[in-house]
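Trainee: Chain residues, written in single-letter form:
2 protein chains.
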Amino acid sequence: MTTKKRIIDAEKLTNFTIRALQKMGVPYEGARITADMLVLTDLRGVDSHGVARLASLYIKGLQEGRINPTPKPEISSQALATAVMDGDRGLGFVIGHQAMTEAIRRAETAGAGFVSVRNSTHFGASAVYAMMALEHDMIGISMTDATLAVAPPGSSKPGIGTNPLAVAVPTGNKPPFIFDMATSVVAIGKLEIARREGHSLPVGWVMDEDGLPITDPDKRVRGEGGLLPLGGTPTLRSYKGFGLAMVVEILCSVLAGEPATISRNSPEVRSPAGHFFGALNVASFSPLETFKKSMDEMLEATQNLPRLPGVEKVYVAGDYEAEIEKNRRANGIPLHPAVVSSLKDIAEELGVEYDL
Amino acid sequence: MTTKKRIIDAEKLTNFTIRALQKMGVPYEGARITADMLVLTDLRGVDSHGVARLASLYIKGLQEGRINPTPKPEISSQALATAVMDGDRGLGFVIGHQAMTEAIRRAETAGAGFVSVRNSTHFGASAVYAMMALEHDMIGISMTDATLAVAPPGSSKPGIGTNPLAVAVPTGNKPPFIFDMATSVVAIGKLEIARREGHSLPVGWVMDEDGLPITDPDKRVRGEGGLLPLGGTPTLRSYKGFGLAMVVEILCSVLAGEPATISRNSPEVRSPAGHFFGALNVASFSPLETFKKSMDEMLEATQNLPRLPGVEKVYVAGDYEAEIEKNRRANGIPLHPAVVSSLKDIAEELGVEYDL
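As you go down the protein sequences, you meet chains A and B in turn. Using my numbering, the letters of the first sequence correspond one by one to residues 1 to 356. Using my numbering, the letters of the second sequence correspond one by one to residues 1 to 356.
The shape of chain A in the complex, shown without the other chains (with noise of 0.2 Å):
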């Protein structure tokens, strides 16, 4: 299979991903705001949680009805700083969006505002909510529960999911600091990429059942093993990113009053979606200004640490995928040729028009 990526124009494709979501009956706005987050999700480089899953995951999941177009979502609140939705199995990315703004308008006046979300679906990467605050001069948090894939230390079987957390943090003159980690060594859509790319996988990455690597990407990793937690192994400390996952875990299910994915789920079933959003106002703590230049000043001190043999560039979080959207934003999105496929189907199946 040839490798060679298709260059793709991102406003044709936000507007191909908005009338493909509008055909399985998702209303413009809701549409808009999924494909701005999944194409901008593409212009930051992160391929394994953009457009590479409209067809399969969120396609499929409206026409399997296992996600609602048309959710009518509910916001209960007991306090000024938090809040509760539900989410009425609505496309993650518009639950989300809509539970993010929540946070920041409580943010607003509390300084600080949290909503846990429950009966949500696949929300795409976490950083694209997170992101959401930073023209509200807030950091910004954002975290999904997922289905169970990784193995914590000592068990042989996924107990939890790769459960990502994100962090956004404004700045002043410097790319915002922009974290987005899997709290698994990598996230499942590496283990996609790797598989369509053909590459095997590092060591360290994913288990069998007795403990021993799967470097083959096609090798199952949904039943027994799984993936490993951050930090990989006991001497390198995996309860840690073990911990991290039960901690997302416990924001975005038990805090929204769902039972956990463990105790309502299978690595066989993909149930609803739980996910945790905060804000946190910059200015209900310090002067604005000062933290920018304190912000910016951490980065470049960062940047201009001595660099090990071979490494040309230190790099802080937001830094790598700042220069990639800067480079597509002018130049387009390299999609690789099995993610074109996957779009002219959807095109030819759904009946809408295909002009990427």
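If you're looking for bench data, these hints aren't it; they were derived computationally from the structure. The beta carbon of each residue, even a glycine, is placed where N, CA and C say it ideally should be. No false leads were slipped in.
Lysine-lysine pairs mimicking DSS-like chemistry, simulated, CA-CA at most 25 Å apart:
| # | chain 1 | residue 1 | chain 2 | residue 2 |
| --- | --- | --- | --- | --- |
| 1 | B | K313 | A | K157 |
| 2 | B | K157 | A | K313 |
| 3 | A | K344 | A | K5 |
| 4 | A | K157 | B | K293 |
| 5 | A | K174 | A | K326 |
| 6 | B | K60 | B | K23 |
| 7 | A | K174 | B | K157 |
To give an idea of the interface, some chain A residues facing chain B are shown, with a C-beta separation under 7 Å as derived from the structure:
| # | residue |
| --- | --- |
| 8 | G211 |
| 9 | G232 |
| 10 | V254 |
| 11 | G257 |
Knowing the structure of chain A, use the given hints to seat chain B on it.
Mentor: Same frame as chain A, but now just chain B:
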């Protein structure tokens, strides 16, 4: 050197610590808070962060004037859920206890409370502050910045501290979920333990200035080279441990109105510390009893996962420490002879009664 441990009674150890701190000019209330937190840390088996450091960090810091025995901390607040505290270089335990109390108080009305602290000093183990939230049926969060010791991925020199974070979550019948991690592979205290006990360091904990492993715990780690961020290597995603350390740094320094440690510090100089405390009131999100029941079920299901060959138990955060605490409360705390000597030395130097 013998490594046979001495068994010390927790109450006697607490009272000795109070006397030593009082002798250094710390008022009873602050000495009591500090002693309780240090001994609780030892009771929970975190030998790296308990009384082992009473002499070298706290008494010495008071003697050398870096720690203010009678601080007048100031709190300023711009919004219901947030505050900033200036710790007036008080003992980190005293300042941390007051700031966490403030976060909890704010969470009682706003649902969430966050306090960023500047100008404090070393506060021991993060977990003890997060745990303060438990009796209020809140989720507790605590973090601290630390002296530069960890080399960011690609750098040959420390650019950030081991910046730990802790989260404590209430449960029903199970021991609470208490998670505390340095964002480096290991905390500096683990190197101190290896040194004390004459063990070599596993590959992947510390590197030299060429990026090669350091396994000798006596080799200097605060100049060139450094501790590795959680993840260890770029392939196993050390940018994640580093990114988490940056998040902690931002919340503990920059958000409190201070420059980040890297902008004001060098590996050789110990500057004032910054902390960050948070509390989320469970009942402001969801019914408390449902939450606790789901927590118990999650922990139980995790502990019951099938195990890898040779593994006796799957642990969740807090389990292991709860087992040790039960044992040590009943039977006393085993202290390494080097730690016992350091306490005897204090007693003699300060002229306080030694009865351990």
